[in-house]
Amino acid sequence: MTTRPDILCIGSVLWDVIGRSDRHMKHGADVPGHITRLPGGVALNIAMTLARFDLTPALLSVVGRDPEGEELVTACERLGLITDHLYRSDDLPTDQYMAVEGANGLIAAIADAHSLEQAGDKILRPLITGPLGFVEAPFPGPVALDGNLTESLLDQIVHHPAFSQADLRIAPASPGKAERLLPFIRAGHGVLYVNLEEAGLLCQTEFESAPQAGAALVERGAARALVTDGGNVTCDATRDGILAERPPEVMVTRVTGAGDTFMAAHIASELRGADRPTALHRALATAAAYVAGGT
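Letter by letter, the sequence shown follows residues 1 to 295 in the UniProt record's numbering.
For the record, the hints were derived by calculation from the structure and aren't laboratory data.
Ranges of calculated distance between the beta carbons of each label pair, as one might list FRET restraints: (1) Arg4 <-> Asp121: 20 to 26 angstroms; (2) Ile110 <-> Gly130: 35 to 41 angstroms; (3) Asp240 <-> Arg272: 18 to 24 angstroms; (4) Gly28 <-> Arg88: 36 to 42 angstroms; (5) Asp66 <-> Asp240: 46 to 52 angstroms; (6) Asp30 <-> Gly231: 25 to 31 angstroms; (7) His34 <-> Arg272: 32 to 38 angstroms.
In silico lysine to aspartate or glutamate, DMTMM-like type, Cα no more than 25 angstroms apart, as pairs: (8) Lys26 <-> Asp229; (9) Lys122 <-> Asp155; (10) Lys122 <-> Glu70; (11) Lys122 <-> Glu68.
Don't be surprised by glycine CBs; every beta carbon is placed ideally from N, CA and C.
Could you build all of it, start to finish, from the sequences and the hints given here?
Here is the structure:
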């Protein structure tokens, strides 16, 4: 019998190929460094962090039946993640993400999530026709969504009865996909996790601080928004007020996955019963440790 998940993670499950150098890099730079391949994708990054908090996440995504996909599913199972509900495609290849990071941060990245986009609502079948939920008996727990899903599918999720009882937590995946979260703002449903740039894109303006951005998102209709700004103040904004805290100062050794780690740590803290200030503090500490090279 499949273990009942504590949370569902819906979105990108892929291989991260990351090139890192300890040198500052400019356009066209050719420098020594290290290249790694690790399980990744927003949904998977969140799930892996949740598992480190002794929670049991289930993945809803598409993974090919190619060798890369078989290897990825095996890696996920070893991490304690539920993979039974993945859509396994014979025709679609396993997605991947490639990034280059220097001492001055992320230089460039390409996300190839075309299989996830083409799979569409096939990845949602376990929530609509079982066994995780049904239209007449919706899944009642937390769901982490990422913006690698198409805007039409995200809009479908906002209004679909199978998600009517879910505690939706949503991240845009990247600034280029931030506007895909607009349906959740229009509906006033779910908790948004965005950075300052993504908040600006959603509001079609520029902000000087996370609290300013959080207030604007709530004013536009968001039920709740957590806005990060690198090493500057982070906020948790709702209609009842705005909490703000500056993250710990650390030596930055990596940036890819930091936002996903923050989101997962925040969700885990609230699932364990933490109040808003405590959850924000713990999430910032966890993300800082990750950026500094910890697990």
